[in-house]
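Q: These are the residues of each chain, in order.
Protein chains: 2
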Amino acid sequence: MDLTHLLVTLILIFVGAKAFGELANRLGQPTVLGELVAGVILGVGGLKLVDPHANVFVLLADIGVIILLFETGLATDIRELLEVGWRSLAVAALGVILPFAGGFVFAYAFGYTNLVSIFLGATLTATSVGITVRVLQDIGKLQTKEAKIILGAAVADDIVGLIILAVVRDLGLQGEVSAWKIAQITALAIAFFIGAIVIGNLFAKRLVKVIEKMRTSGTLIVASIAFAFLWSLGAELAGSAAIVGSFAAGLALGRTHKFEVIARELKPLAYIFTPIFFVKIGADVDIRYFNPFNEANHAILVVGGFLFVIAMIGKFLSGFAVFDPRVKSAAVGVGMAPRGEVGLIFAEVGRRAGIVSADLFAAVVIVMAGTTFLAPPLLKMTLVRRPRGMNLVSWLFEPARKRVSRLIWGR
Amino acid sequence: MDLTHLLVTLILIFVGAKAFGELANRLGQPTVLGELVAGVILGVGGLKLVDPHANVFVLLADIGVIILLFETGLATDIRELLEVGWRSLAVAALGVILPFAGGFVFAYAFGYTNLVSIFLGATLTATSVGITVRVLQDIGKLQTKEAKIILGAAVADDIVGLIILAVVRDLGLQGEVSAWKIAQITALAIAFFIGAIVIGNLFAKRLVKVIEKMRTSGTLIVASIAFAFLWSLGAELAGSAAIVGSFAAGLALGRTHKFEVIARELKPLAYIFTPIFFVKIGADVDIRYFNPFNEANHAILVVGGFLFVIAMIGKFLSGFAVFDPRVKSAAVGVGMAPRGEVGLIFAEVGRRAGIVSADLFAAVVIVMAGTTFLAPPLLKMTLVRRPRGMNLVSWLFEPARKRVSRLIWGR
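Sequences listed follow chains W and V, in order. Counting from 58, one number per residue, gives the positions in the first sequence under the numbering used here. Counting from 58, one number per residue, gives the positions in the second sequence under the numbering used here.
With the rest of the complex left out, here is chain W:
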């Protein structure tokens, strides 16, 4: 990619994300929903103006979600996270078991082989923590108890997801799984997360002390980003996800007395980088699969529709593992629902191994898109009593003139 191409891509992403984000906001929806829609319009299913597989775009999107999770860690009190720890683990466990069982049984009943059924089940276990975090940020609910449970469960899910990915990859390539290897991956991932937080805490305090002695400007934000990247790198090398590392780095820096300055200087970086991630997810969705008038899509739509229902119900029920009347279980369940890019990564591995056919991959795209696009409005509905923006249903039934005026002027 050359500079001209990169500038065109970034301008389209920024303008699209802001325009549709604003529209979503005025329709009473979380802003991130608009950014996803902008991605669909610009991407493979729409105008094909941005290529979601271009190397630079993929890397900038990765940096975007790393910064988002770093920002989230910074704003999260680790003690509150530990307080709800067991409930998070219960939600994560149920949120993996239910969709997996549902997907497996459904596929098996439909006559798919054992291997394909396992793959489909595995694909449904994913949670895209990025989507949920942004929705919680957009609607100002990142500090609620539900948010803490979701955060903890989503991070656990990310670790579990990578273990499942290793299992299915081995199944796909070698037809068998080494229990010893799985145990190793699991132990390493858990050890990394605990180590990242413990060492991160010691390291963060020293880092802030060193930074305070520096005379050049900008050291705090540059060093903080370097720290987040270093922890992301460590997570990658330990076989975990980069965002788990940057989340741990954020938790650690969040306990230093500089956390407010870091959060403030991080904001503009997050504003620039995170839309790249969400537009990329949207750009990956090929909405041509959704066209019911194309007969080739009928089987895809039926299978995708069933899988989508299983995916939603499975994660929704997992929220009820909390067993706490003060916590809105429905919100937790909905918060775990978006599959985002994680589900696609699973299906992609299956496609490359020749296990997931092109049609099944398309069905997974439907599941991914459906859960990802439905989660933001549902999460807002379950967490916010009276929406501050407009109500979509009442808005649709207003006279056209009034509707346009309310959209633009807000009255």
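Do not rely on the hints blindly, as some may be mistaken.
It does not matter which identical chain is used: a pair holds within one copy or between any two.
Here are the simulated DSS-like pairs of lysine-lysine, each with C-alpha atoms no more than 27 Å apart in a straight line [claimed, not checked]: (1) K105 / K202; (2) K385 / K202; (3) K459 / K266; (4) K262 / K315; (5) K262 / K324; (6) K324 / K266; (7) K270 / K324; (8) K198 / K315; (9) K270 / K459; (10) K270 / K315.
Note that these hints are calculated values from the structure, not bench results. Computed from a predicted structure; not experimentally measured.
Position chain V against the provided structure of chain W, taking the given hints into account.
A: Just chain V, lined up with the frame of chain W:
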């Protein structure tokens, strides 16, 4: 490049730039000098840990200098720039004519062909406005009259440089130049700059009005960056340099009442992106050419040394085109001296066309490195009477214990 590789590269850049930037600052030097040194150490001439030709690295460096010039435009009053306009043009003209004539005569006298001599002369005409702007920023002199003259002259030089580049490229590829084509390029570049400022002013005011009506957060900084990128893209398409476009976008937004908020939110982005650019310039320098004990380098060092002296004197004298006793001509001349990446681009075109030999290219690297590394300390010396930091000479003659303690504790 994958994510792991990108994270390693960025961590090395950030840590290296900050560590050596801090060291440069404590030795009484502009911070940017340390970032350049960090690049040399990490790059092709040093540890080879970062590859200055990796696509993502090059693009992020380009974004870095675009943001730097956008920031500079934002902090520059266009009326002050126009006030010194003629003096800037005189400096730019003399700063192109003198180094070109010097380089051509020297090369011709050394027995090089006409074509090679023209190429070498052209290479010496470049000015890297990025280096000078960062030095002026580092030492807090961006608002002086000298800075305005240098800025105007460097922007003019960037436009002239691209015209010269087009001329030498045609000479190299076709052996002749079309006067009509050159006139077209010149007219288009000048028309673009004037148009970018005039249209930019109208557009910026409307943009700010639209942004003020938006309800989603982060719109101001995202829209400002999109604006800067759009103008950079326009400059590229008009055959001008991207940084000329982003500078014009900054000038336009600098006249709106939101310029202070934009400048504040832009700071963290500049802190993250600009070091990537300076580390990249440093990483391009192969210091093995400087090794005098390698006999193969002797001819390179002699030719490079002569060209370096011509390059420095030519730009230094151009500062005296100002004819104003209140302006420090020496500072203006020194400010025009750094060739940075621009000189290398020229030489690269010549090398690809088979006109510039590997040895001559190495000599140009010496000119580029020499002028780039000498300009920051000289610019500080000529503009700042009593350096606030330490004096390098006195520091070197202190006892070792006191030296280390002053370096760390500043006393």
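Q: Confirm or reject each hint.
A: Hint-by-hint comparison with the structure:
{"no.": "1", "hint": "K105 / K202", "result": "neither (41 Å within a copy, 48 Å between copies)"}
{"no.": "2", "hint": "K385 / K202", "result": "within (9 Å within a copy, 63 Å between copies)"}
{"no.": "3", "hint": "K459 / K266", "result": "between (57 Å within a copy, 23 Å between copies)"}
{"no.": "4", "hint": "K262 / K315", "result": "within (10 Å within a copy, 36 Å between copies)"}
{"no.": "5", "hint": "K262 / K324", "result": "both (22 Å within a copy, 24 Å between copies)"}
{"no.": "6", "hint": "K324 / K266", "result": "both (23 Å within a copy, 22 Å between copies)"}
{"no.": "7", "hint": "K270 / K324", "result": "both (24 Å within a copy, 20 Å between copies)"}
{"no.": "8", "hint": "K198 / K315", "result": "within (23 Å within a copy, 30 Å between copies)"}
{"no.": "9", "hint": "K270 / K459", "result": "between (58 Å within a copy, 18 Å between copies)"}
{"no.": "10", "hint": "K270 / K315", "result": "within (14 Å within a copy, 33 Å between copies)"}
Figure legend: structure checked against the earlier numbered hints; the only hint not met is number 1.
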